[in-house]
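K.L.:
Given chain A, put chain B in place with the hints provided.
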Amino acid sequence: MTTFLMVVVVLPIAAIVWKSTGNGWSGFWDVVSSPQAVAALELTMVVSTLAVLTTAVFGTIIAWVLVRDDFTGKSVVNAIIDLPFALPTIVAGLVIMALYGPRTPIDVTIGSFHFDANVTFTRGAIYVALLFVTLPFVVRTVQPVLIELDEELEDASKSLGATNFATFRRVVLPGILPGILSGVAMAFARAVGEIGAIVLIAGNLPFKTEVASIHLFYRIEQDPEGSAAIAVVLLLISFTVLLGIGALRWLVTRHERG
Amino acid sequence: MGKWSLRVAALGYLTLILVAPLAMMVWRTAEDLDGAWAAISAPDTVAAFKLTLTVTAIAVVVNTVFGIICGLVIVRGNIPGRGFLNAFVDLPLSLSPVIVGFSLIALYGINGWFGWFQRNGYEIIFATPSIVLATIFVTLPFVAREVVPTLREIGTEQEQAAQTLGASGWQTFWRITLPSIRWAVVYGVVLTAARAIGEYGAVALVSGNIVGETQTATLRVEDAYQFAYGNYAPAYGISFVLAATAIVVLVLMILLQPKESRR
Chain A
1 MTTFLMVVVV LPIAAIVWKS TGNGWSGFWD VVSSPQAVAA LELTMVVSTL AVLTTAVFGT
61 IIAWVLVRDD FTGKSVVNAI IDLPFALPTI VAGLVIMALY GPRTPIDVTI GSFHFDANVT
121 FTRGAIYVAL LFVTLPFVVR TVQPVLIELD EELEDASKSL GATNFATFRR VVLPGILPGI
181 LSGVAMAFAR AVGEIGAIVL IAGNLPFKTE VASIHLFYRI EQDPEGSAAI AVVLLLISFT
241 VLLGIGALRW LVTRHERG
Chain B
1 MGKWSLRVAA LGYLTLILVA PLAMMVWRTA EDLDGAWAAI SAPDTVAAFK LTLTVTAIAV
61 VVNTVFGIIC GLVIVRGNIP GRGFLNAFVD LPLSLSPVIV GFSLIALYGI NGWFGWFQRN
121 GYEIIFATPS IVLATIFVTL PFVAREVVPT LREIGTEQEQ AAQTLGASGW QTFWRITLPS
181 IRWAVVYGVV LTAARAIGEY GAVALVSGNI VGETQTATLR VEDAYQFAYG NYAPAYGISF
241 VLAATAIVVL VLMILLQPKE SRR
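As given, the protein sequences belong to chains A and B, one line each in that order.
Residues 1 to 258 (the working numbering) are what the first sequence spells out, left to right.
Residues 1 to 263 (the working numbering) are what the second sequence spells out, left to right.
Quick caveat, the hints were computed from the structure, so don't treat them as lab data.
Some hints could be false.
Said to hold, decoys possible - Calculated pairs, EDC-like style, for lysine to aspartate or glutamate (alpha carbon to alpha carbon, straight line, at most 16 Å):
hint: 1; chain 1: B; residue 1: Lys50; chain 2: B; residue 2: Glu157
hint: 2; chain 1: B; residue 1: Lys3; chain 2: A; residue 2: Glu42
hint: 3; chain 1: B; residue 1: Lys3; chain 2: A; residue 2: Glu151
hint: 4; chain 1: B; residue 1: Lys3; chain 2: A; residue 2: Asp70
hint: 5; chain 1: A; residue 1: Lys208; chain 2: A; residue 2: Glu42
hint: 6; chain 1: B; residue 1: Lys3; chain 2: A; residue 2: Glu154
hint: 7; chain 1: B; residue 1: Lys3; chain 2: A; residue 2: Glu148
Just so it is clear, the structure is predicted and the values come from calculations on it, not from any experiment.
Chain A with its partners taken away, still in its complex shape (with noise of 0.2 Å):
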């Protein structure tokens, strides 16, 4: 078993490591220090960080919403939150351009005022398609969580005065900031290797739309050692904030450790 997954897993990752080392330490640094490659991996993190905090705000609602709310629909809703890990990315961007595309049907004129909704070739594009595909995981982790949290603590503070706010941030957050965070982990982690939505509607421009996975997916034939290493920064990035999101999680919920 350990031998499988170590010819499947992790012999793979060990020839990319190797690869990077082929034009030495200088040569490393010479790829990795690059502007365009700065400038896609500068761009993935800081639309990754921008979306994950989205999908954490409105994921952690949206659980609230199934758990603590009662509508009809509500189970069709709860069905549906999973489409995002059942679609083919690439599907995933093309169902983002149909809405968000060229021909978007959110277009409003009103005098010198003009508002439409076609993000296709800018940032935004990049946006939109990472709160699609990351939009399941912060739902999953924390419904379960409040699904244990007694809904009566809820009632006992807010019949003591305190306001839904103070409720929420003071009782209902401690106890899901755990599952808030395994959610931000994995989306994170996601959101930064995307490729297949993303493609289609960035237009992958070097310095404007070109995130680090596309960069990458365009560098490889030509430059196998240099694409090495941008993908060992890839992988350290991606371990870095994951161990990160770990402490951070091992943090808050020391005192259930005792």
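P.N.:
Relative to the frame of chain A, chain B by itself:
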């Protein structure tokens, strides 16, 4: 913030990000049904879907066997490497598909560690084997992740009882263990199949994208879009078939959802 405003925020967000785009995509497909159908029934598209289904079938079989054994080793095993297995089995979930594809090229490409195959006519990269390898890689964790918690939950009492009554290891597995984890396995299989059908990044890098030969369904969508020249009916048509498959997967997921998470 009252209940109402939160409900409006949640449903409004879902509409903007998920429901309305999906409805619009169905609408775009319906605008030119003839064009969509022509693209779906084209021989190259049919070949692409056949390839996708073949690769998915192989990945499902391999990863079901791997996932069950892996789960047994992690939960019941007492062998060295168990902690390592537990730590690394989830790794593919946090890797970019591009890195997955790239790592296969680094390993099996002409200049790779195992480049011997590629150099001597046993093509792996830019041929079907690499598509299979990439798909197995990205779908590796799904069955194992479902099996592990279920195995923990059922405990070892029944297995021990069977063994005291003289059942062999195999008999215990087939008659006791497997039946009690079967729904977890099936759920994992559904997730594996969904991801295998939908994989794009890793496959795009290693398959070579040869029309009618190494072009999978998702690559076909990309091709149809890139060479649309203003006619997006083919791209939307093929996407629609994939989206319909995803909806079927979703319904299966709801029907099979492990009981502990069902409300």
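K.L.:
Check the structure against each numbered hint from earlier and tell me which ones fail, lowest number first.
P.N.:
1, 2 and 7
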